[in-house]
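Novice: Each chain, written out:
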Amino acid sequence: MLSLWLNVLASGILLGLVYGLVALGLTIIFGVMRVVNFAHGEMVVFGVYIGYWAVRLWDAPIIVAAAIAAVVMFLFGYLLEALIVKRFVNRPHHYQFIVFIGLSLLFSGVLLVGFGPDPRPSASILSFRTVSLGFVTLDLARLQAAITAGVLIALLGVYLRFSSLGRALRAAADNRLGGLVVGLNIPRVYAVTFGIGAACAGVAGALISPLFDAQPYLAVDFTLLAFVTVIVGGLGSFSGALLGGLVIGVAEAIAALMFTPSMKTALPYALLIIILIFRPRGFFGAKEI
Amino acid sequence: MVFIVLAFVGSSADPYFISLMTIVLLFTFLGQSWNLMLGIGGQLSIGHALFVGLGAYSVGVLYVKYGISPWIGLFLGMIIAGSVGAALAWLSFRFEVRGIYFALLTIAAAEFARIMFSGWEFVGAMQGLFFPAPTGAIEFSMLRGGARFYYFVALALAALGIIGTELISRSYLGYVWRAMRDDEPAARALGVRTFRHKILVISVSAAAAAAGGGVLGLVQGSIFPDSIMGMGLSVDVLIGPVVGGLGTTFGPLIGSLAAIPLNHLMSAIGDNLRIPGLNNIAYGIVLILVVWFLPDGIWPAIVRLCKAIQAPSRLWLPHLRKAEE
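Chains as they are written, first to last, in the UniProt record's numbering: chain G, 1 to 289; chain Z, 1 to 325.
One chain only, chain G, in its complex shape (with noise of 0.2 Å):
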């Protein structure tokens, strides 16, 4: 019994650290723009088709399959924000929603368009293969999703802060118009900014491909996945959204153990609305938004 409750408590870490790369990208792009992209799981859906391909087509490696999903979501999330998005950064955001629900609509329908409405199960030899810990048992896919993107959070941690793009970054989200008077590209910044964490959408996609069937439709739950996760950990905050995803990862693992499937759902959302009540600012939370 104990075993069962430790390894369900491990693949719900392995799978937070995914969740929290998502929230990751989610978060960057409100902490700089102060703009929510309500189009993100969308990317995420983009993310596992390409993994889906890069595993159909070459037989690659996931690892290389998230390398392109980087390259190719980066410069799909700066052409975008160069392109439209920058017009309605300042404007309020019930204008930004309108415009992310557009773009939110487009995108399934390219994919439906492109893929078709049913699933693609992309699931590779890896996720049959476990690793034995000695007291925890681990498949090997998700291990491989988990320490990638750890390991891509930390990077990108620490790019963020000791490079000069980083510095650039933390100095347009706290105060655009000093950034501005520096001589700061903000342009260049948030189209950037954009296109990171439209990556780190496409990544997590990609590094998750093989546990779940590549379908359109997925895109709304990861949507509000990611919402949940940042408003958990704090809208805005880097180490806010690692946190979110770990809690909401293990939430779901033990709810999947404790409840009927179709329950399991509504938990993250239960638990987002015990936050608000208690820490309405979620555990990172800044201070104004």
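Any given hint could turn out to be false.
The list that follows gives simulated cross-link-like pairs (lysine to any residue, SDA-like), each with its CA atoms no further than 20 Å apart [claimed, not checked]:
{"#": "1", "chain 1": "G", "residue 1": "264", "chain 2": "Z", "residue 2": "231"}
{"#": "2", "chain 1": "G", "residue 1": "86", "chain 2": "Z", "residue 2": "231"}
{"#": "3", "chain 1": "G", "residue 1": "86", "chain 2": "Z", "residue 2": "309"}
{"#": "4", "chain 1": "G", "residue 1": "264", "chain 2": "Z", "residue 2": "294"}
{"#": "5", "chain 1": "G", "residue 1": "86", "chain 2": "G", "residue 2": "188"}
{"#": "6", "chain 1": "G", "residue 1": "264", "chain 2": "Z", "residue 2": "120"}
{"#": "7", "chain 1": "G", "residue 1": "86", "chain 2": "Z", "residue 2": "289"}
{"#": "8", "chain 1": "G", "residue 1": "264", "chain 2": "Z", "residue 2": "226"}
{"#": "9", "chain 1": "G", "residue 1": "264", "chain 2": "Z", "residue 2": "125"}
{"#": "10", "chain 1": "G", "residue 1": "264", "chain 2": "Z", "residue 2": "121"}
{"#": "11", "chain 1": "G", "residue 1": "264", "chain 2": "G", "residue 2": "220"}
{"#": "12", "chain 1": "G", "residue 1": "86", "chain 2": "Z", "residue 2": "295"}
{"#": "13", "chain 1": "G", "residue 1": "264", "chain 2": "Z", "residue 2": "292"}
{"#": "14", "chain 1": "Z", "residue 1": "307", "chain 2": "Z", "residue 2": "295"}
{"#": "15", "chain 1": "G", "residue 1": "86", "chain 2": "Z", "residue 2": "292"}
{"#": "16", "chain 1": "G", "residue 1": "86", "chain 2": "Z", "residue 2": "230"}
{"#": "17", "chain 1": "G", "residue 1": "86", "chain 2": "Z", "residue 2": "64"}
{"#": "18", "chain 1": "G", "residue 1": "86", "chain 2": "Z", "residue 2": "127"}
{"#": "19", "chain 1": "G", "residue 1": "264", "chain 2": "Z", "residue 2": "119"}
{"#": "20", "chain 1": "G", "residue 1": "264", "chain 2": "Z", "residue 2": "126"}
{"#": "21", "chain 1": "G", "residue 1": "264", "chain 2": "Z", "residue 2": "127"}
Derived coverage of chain G by chain Z (criterion: at least 3 residues anywhere in the stretch with Cβ under 8 Å from a Cβ of chain Z; other residues may be distant) [stated by the list, open to error]:
{"#": "22", "segment": "81 to 93"}
{"#": "23", "segment": "99 to 111"}
{"#": "24", "segment": "143 to 156"}
Negatives, chain G to chain Z, calculated, CB over 12 Å [said to hold, decoys possible]:
{"#": "25", "residue": "4"}
{"#": "26", "residue": "8"}
{"#": "27", "residue": "38"}
{"#": "28", "residue": "61"}
{"#": "29", "residue": "63"}
{"#": "30", "residue": "162"}
{"#": "31", "residue": "181"}
{"#": "32", "residue": "189"}
{"#": "33", "residue": "254"}
Everything labelled a hint here was simulated from the structure, so no lab data went into it. Ideal Cβ positions, reconstructed from N, Cα and C, are used throughout, including at glycine.
Place chain Z on chain G using the hints.
Specialist: Same frame as chain G, now just chain Z:
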């Protein structure tokens, strides 16, 4: 005048058009309730489906399970949704959680409720609730009748919504709520108890949404958690007012008139060409274009155009118009 034209339309047109217009008018009312909350009260809700669903389920459960008149169901639904709205607002504003946090809380509450209702056997769970098939005979006390009857019900509701919003926005409450929307600290400094007023505006909006939801359930003849409480419905509710013109009296009507038939048309084209998803692409692009080019919505643009036509000189002498502004 608009209502007379619409009443005339209802007594003559063909069934498909009638049912489409019924939906347009219902979403005008629902959009108006959302408009009251954001356009006048300044509170963004993206989970309005919660209130719509509560209204629909109140009517549905009482009618289908106990045969109780939908009038009572509507009344009960409004009380329940109003209280839930007030509770959500209280929870949120107690610690000054507002803006986008409040919006995300409304989504979370709506999704939570949707999943709970999907698993609740008493209200039909995923199988939904079905109203008995309409006989076509009009029973006013039970709010039952054919498609044309529901068209007029929806028309009455839309008229009520529009007139109600107009009255509210001209009353004392309207001024207080707009002051609160535009500058909350200033309103508070002038002695407005913004905490109470925010709870009030949200609960009024929620109650109105529940009334709309109750009628929507009756018109559709069935209630499913995914369609009446899902994210999609919340989006449908707010597209009308945003496309038509936020905070304006006729915005939700104009927006619904533009958006809903467009959505149906796109779906029909997509189905005809047998390409699933084509309607999503087209609808998505249209939404982006509307917000891009008509930032205030269609209705203010029409008003501007009418003014320009009345005074042609201004149209042709842009520098004069600039000077006036």
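Novice: Flag every earlier hint the structure violates by its number, smallest first.
Specialist: Hints 2, 3, 4, 13, 16, 17, 18, 24 and 27 are the ones this structure does not satisfy, whereas the remaining hints hold.
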